[in-house]
Amino acid sequence: MKTIAIAGKGGTGKSTLAALIIRWLSERKSRSILAVDADSNVNLNDLLGVRLKETIGAIREEMRTRISDLPGGMTKQQFLEYKIQTSLVEGPDFDLVAMGRPEGPGCYCYANNLLQDILRTLAGNYDYVVIDNEAGMEHLSRRTSQVIDYLLVVSDATTRGIATAGRISRLLKELETRIGRRYLVLNRVSGPLPGPVEAAIREENFALLAAIPEDAALLKMDGEGIPIRSMAADSPAQLAVGRMMDGLNL
Amino acid sequence: MSRIIATRAIRGAHKLVARAERELEAAVAEKGPDTRVEFPNTGYYLPISHGILGLRIETLGGLRDLLAEAKGLLPPVPSDTLWLPYLGNTLDAGMATLFADEIIEAIKYTRTPLPYLPETNPRDGHLWLGAANDVIMRERGIEFVDNTAPGFAACVGYCPTNEIAVRIARELQEKNLYVFMSAATDGKSMAQQLAEEGIEMGWETRLVPFGDDVTATIHALGFSTRVALSFGGAQPGDYQRVLRYNKNRVFAFVLALGPVDDEKHAQAAGAINYGFPTIADTDIDNILPTGICTYEHVVSPVPHDRIVSKAIEVRGLKISVTKVPIPVPFGPAFQGERIRKEDMYVELAGTDKHGFEYLHGTSMEEVEDGKVEVIGPEIDEVAEGSQLPLALWIEVAGRQMQPDFEPILERRVHDFMNMAHGVFHMGQRDINWVRISKEAKDKGFRFEHFGSIIHAKLHGEFGKIVDKVQVKIYTQEKEVMDRIDTARKAYRQRDERLAGLTDEAVETFYSCTLCQSFAPNHVCVITPERSGLCGAYNWLDGKAAHQINPTGPNQPILKAQAVDPVRGQWQGINEFVFNASHKTLPVFSAYSIIDNPMTSCGCFECISCVLPSTNGIMTVYRNFPGMTPSGMKFSTLAGTVGGGLQTPGFIGHSKRYVASNKFISAEGGAKRIVWMNRELKEELEPELRRIGRSEGIESFIEMIADETVAVTEEEVLAYITRMNHPALSMPPLF
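Top line first, the protein sequences correspond to chains Y and A.
Going by my numbering, the first sequence runs without a break in its numbering and finishes at 250.
Going by my numbering, the second sequence runs without a break in its numbering and finishes at 734.
Here chain A stands alone, though its shape is the one from the complex:
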């Protein structure tokens, strides 16, 4: 905890509480204790005292109760010998400040003429709007709830130049944030600077000048308190809920511009109670993570050109781009569209030119969100029918970003690009190919729009992981070739990582309970070597999904102590499965088809089941309509194995799992397969041949029966006996 900040904030709080007391007593003396106080046209009394304390203050005299609360919270100013003051005291001082602010601002409303305009926009040189009335609150507050406006920036003080003030305001507006302005320093404020530049202000433009007094900052916090009360369902006085709602739902922060005096420090301390951090352009020291705000609490000094993006990062604000800003229609309907040569304006990469696409994570400092650069000719600088090389160099940064997520994000580039009407994209990595139609080019589509698409979609779909995205588009041979080796090296490393990703190499598996709506007791346990039984989720997907939705259906499960490494039982996994299966499955084996096998929902790609007389198993893919040697068709089998029940001898699984080293490894693995439907066998042929080779049985795949040679268990037994299938000489299954 910064001693400088704590000392100044607590000192500021003392000053403001003293000022509130002075002004309150003067007002009571002048107007009497029964004089009505209110923020006009609001149904929430004075919002801070009502929301936080549950007070219903309606008179000047009533403000004395609030003053008493403020005084009660005021901690002593830290002595010079206290080197590590406690954050709690600073927070209390901050809250006392907010109470004092509210007293001072409420008194202003007893004056005539009113110091604030009652309208929604400034007029006739009157700048300051004061507290928002209920109409504004209803209209604007809902935007905080549905995320049309993720939050606000409470800007205090002034910028070194008007130009900087305008730039910061514009940048905040572009992010759909409200700009609440208050607290002049030495008579100068950001709102005045904007006014001097002729910038239109008011609720409609989201640039709201509250007041030049430092205490007018309270109207920003009052606004967000009322949002919590009216949209967040918080009860007046339930301060925990009010504050938590603001921390989790209202993405607000304080921008401290110019010199920061004690009183402004005190406001910052008040804002921290709401989870709103302060970012300053001057050096006012730092308060790094301690747990009230999502990340840091106070960060300074930050240069003006980076202050908005830094604030967004520190607040943990996720930028969502709802409309992809490109001049052609965009949506899944345009996937699968081929741009014919005749309709094509330009072609990139493909068989004749080099190309690649590479996404990687890097540090926050190195990525400027939304920045797109085209290095080399743009589409309007090349002739119709041109062929160009293409490198899509995508850099992302995020507090939750991990190298493991890079391929997951990168492989979506194909889907994203194809959604643009007039853009055709094939392949991935260094096998890629792009065409743009003449029509799209005429409508204004440019290479830079690849960047716009990727930026918008990555934020939209991976917002929890990705905070910043920048894209470089290279369309010159030399530039592409200079970088292709870096990308190829990364692809290789990823493949090696994936190949080396074994169950033993990780401490954590992931659960998947996505299907509990169909099978309430079913739990998928996804390990590096066993994907979800639907085939859609592998371990890395589970890991990424958990980051995107930490409370969602994919939870990390610590393996903990191994109970039976051969069958694949661990203490941590057993406990998790027991609880997640609503206490129906006390033991779970990851690698066995016989002992406590994994349950199934109904989404399995394949079913394997024991054919007792063969000492082996059969595996059938869900598309196979015919009869299987188990005497059941797939649909009947599915009824046996699905529904979240452990059925010894039966498992549902993904196609890929057959090729895994952990495929029923407790019973000897894929060598046990004596029958497969032909299409599945054919698809997995390379993998089955590999398994055969590694077992020293070159013709293993030929030993596996299929529907063309056997449809009953007897026929399978006859066939595998003739072929001398290895299952016959393996230990008995039971």
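Next up, chain Y with everything else stripped away, as it sits in the complex:
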């Protein structure tokens, strides 16, 4: 199993990149893919063209508020496992699990501990796990104990964007041991990178993996709510993602 986590500030096109990666993996590598939508503004499923069932967040709330009479004399662990397994969206080329809305007030340590276990076991069933994270990286730091083979931090090609990407990357400092390699991916790039941007990348000590070009087809699809799968395989963004993925040792 190889795990690819995608992080970045909201609006940088993380989910789009995740969807493009999933498409590339399913066409080139394996259809044994678990897509994890860990962004609370859930939309990875739209990009992938599947309907969500229950989210993990909703399941967690149900378990938290449910009185001890869990059905069937189940333990909480069993109940959670059953619910998560049934909530999995089974797409044509991948399975999708959505983390759903963030935690409400109160402590979630207990529920999250159970989740960690179950998700780790679940992920073990797949050749690839692709995680689309929210900006705060809550999911990575608290809800999984997943080892990340590749962390891709997404940014637009601006100095401010790269500084933010640097901050996000540093947020994960304590996860150092669980992250194999980290890269910067620039999205919606038009033309060559300006000098200050290149300087910012050096300053943040980032390894630039790829610059994905602005792609009109993507924008159009996003607007019309058409899944990535229906996009031409030779669109500039998809081709760039392909080159980027070829560069990773998968």
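Do not rely on the hints blindly, as some may be mistaken.
[As the list claims (entries may be wrong)] Taking lysine-lysine and the BS3-like style, the derived pairs with C-alpha atoms no more than 27 Å apart in a straight line are:
| hint | chain 1 | residue 1 | chain 2 | residue 2 |
| --- | --- | --- | --- | --- |
| 1 | Y | K76 | A | K655 |
| 2 | A | K353 | Y | K76 |
| 3 | A | K438 | Y | K53 |
| 4 | A | K441 | A | K489 |
| 5 | A | K662 | Y | K83 |
| 6 | Y | K2 | A | K438 |
| 7 | Y | K29 | A | K15 |
| 8 | Y | K76 | A | K341 |
| 9 | A | K71 | Y | K29 |
| 10 | Y | K83 | A | K31 |
| 11 | A | K662 | Y | K29 |
| 12 | Y | K83 | A | K71 |
| 13 | A | K441 | Y | K83 |
| 14 | Y | K76 | A | K662 |
| 15 | Y | K2 | A | K341 |
| 16 | Y | K29 | A | K341 |
| 17 | Y | K83 | A | K341 |
| 18 | A | K15 | Y | K83 |
| 19 | A | K489 | Y | K76 |
| 20 | Y | K53 | A | K341 |
| 21 | Y | K53 | A | K353 |
Rather than coming from a laboratory, the hints here were simulated on the basis of the structure.
Given the structure is predicted, the values throughout are model-derived calculations rather than measurements.
Following the hints, position chain A against chain Y.
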């Protein structure tokens, strides 16, 4: 005691002893008293006289000593007016029979040519093998010890047809039992019937023809006597140990086929001495339990199609299935495997179809062990990607089975099914979901294999409770729906039973001394309302564990007279704890944290301890790494409370116990909790809210401090004072 059986057995014994005397005197007259007698290539003299009496008979003359013993044991034949003969006399007659048998068989070995083949397998039309030599004994006897062969069936007489003889032999072989054949009736024997059907016989196929004489039956008992001597460590002459070893370790029985004459009755009486019961296909009356055999001694008449399973049941033989007979790999390594939709051949139950799994106990007669039926389409009769309903209807029977064990067995179905590679199982009861992969289907996995898995694993893990398992697998909507209400009703009843299971409702608690290897003086007392402190064992588990291993760490303890019902002290419990704690704990309170509280090993899920200034207690779960208001972290606390010492003010316990009505009820219960680590508080939130409501304190859970608001005792006191926590107005703890 059956008068018919006793009379016929004693009469048979008289006939055989007389015959032994006749043949012995003739042989001595013909060959002289110094003629050597032995069963060739055996180091154990003549096994019965050596094992039971300690005799070392090497000559024809020496056999006279054995004859004298036989005669000494012979009781008089019961008169017609004795209606209730004593079993002891019959047993003596049986033993005399065995001695007579051994004399007669030993004399046969002085003849030339030998009446028996010295080889391990019959050849050239010579059927009879006689006594096993030491090579065979070593090789085969060990199988009786390591349970590759649980025992043998001594088959005497013949079957009505050859076909039945073959069927019975096959059925016995399938159970890994040896089939020892002897004692023809009217010149007909089971071994001959098998030979006529071209069945290969000999030690290698476990179908062993000893001899056509009724006395050749002795080679079966001689064999098991030698097993006791060489593997059971019994000394020659220590007959008690030889017999007890056989009763407890060698699962043998006699199948009496066809007419049973006096001499065969006498053999049966001899076998009972070894704890081997007799099952007959003709009506020869019954000897029901009286204590020599594990269960009944003689059962008849039993139809041929049920005779093997009846014999296994009566002998108390536990069938173990070492290899689960399915065409895919099986083991714990495959648990946690999800079958993705793309890899899936078929899906059962789940969110789109109905399903349930229900295990219940029923009578021995209604269960045919190993029977698996699929009612509705099999996997190869449905298209790829199909969704089907599923009912797993599991019926078990066992002499030790109780309704309380049903949920314990049933909840393991999930683990068992997931061990099969290519099978994905979720949930339990009427929330279940199963998928089978294409790969498993291609390898030949069928729905019926659910039954094979459940059968094998239930026998393997619950063999002491379960004697028979049969499984019906329904894959049709109507069939499933016809039964789902029965199952749901049973689930409800179980839940009600569990809810109604209070300490007052039972007479017996269970001990757990599993942890005495770490804490030699520690004893857990498991009550319906207080599970073991590790959280792993509740009262029902203790009860089941005791059935599985009666001499194990979970023993029933009779409560007896209550000494102090408030603190939870009973005479019976105190006595047990005193002894089991090696006389270190004379008094034990089940419900108090202050007075003689329960000790702990080191496996507790939680520790509760008194915070004196708050008039309350704190409870911390073992995962919590931080400092607690007691001034100690969990690890330090564990050192204080563990090790089997009674430490007033400290207890180790399970998480669940906090929610019990008996949680430190002597001190007022969970209302005393003033601090909990947050994760534990959150997990137990529904229970704590319930407790609060029942105490009329709606916001009780909010009154309990946690590490986010208080880490010292002072801070806890300040917090609970602000919150007006009920502990403050409760009677002083000390």
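Need the list of violated hint numbers for this structure, in ascending order. 4, 5, 7, 9, 10, 11, 12 and 18
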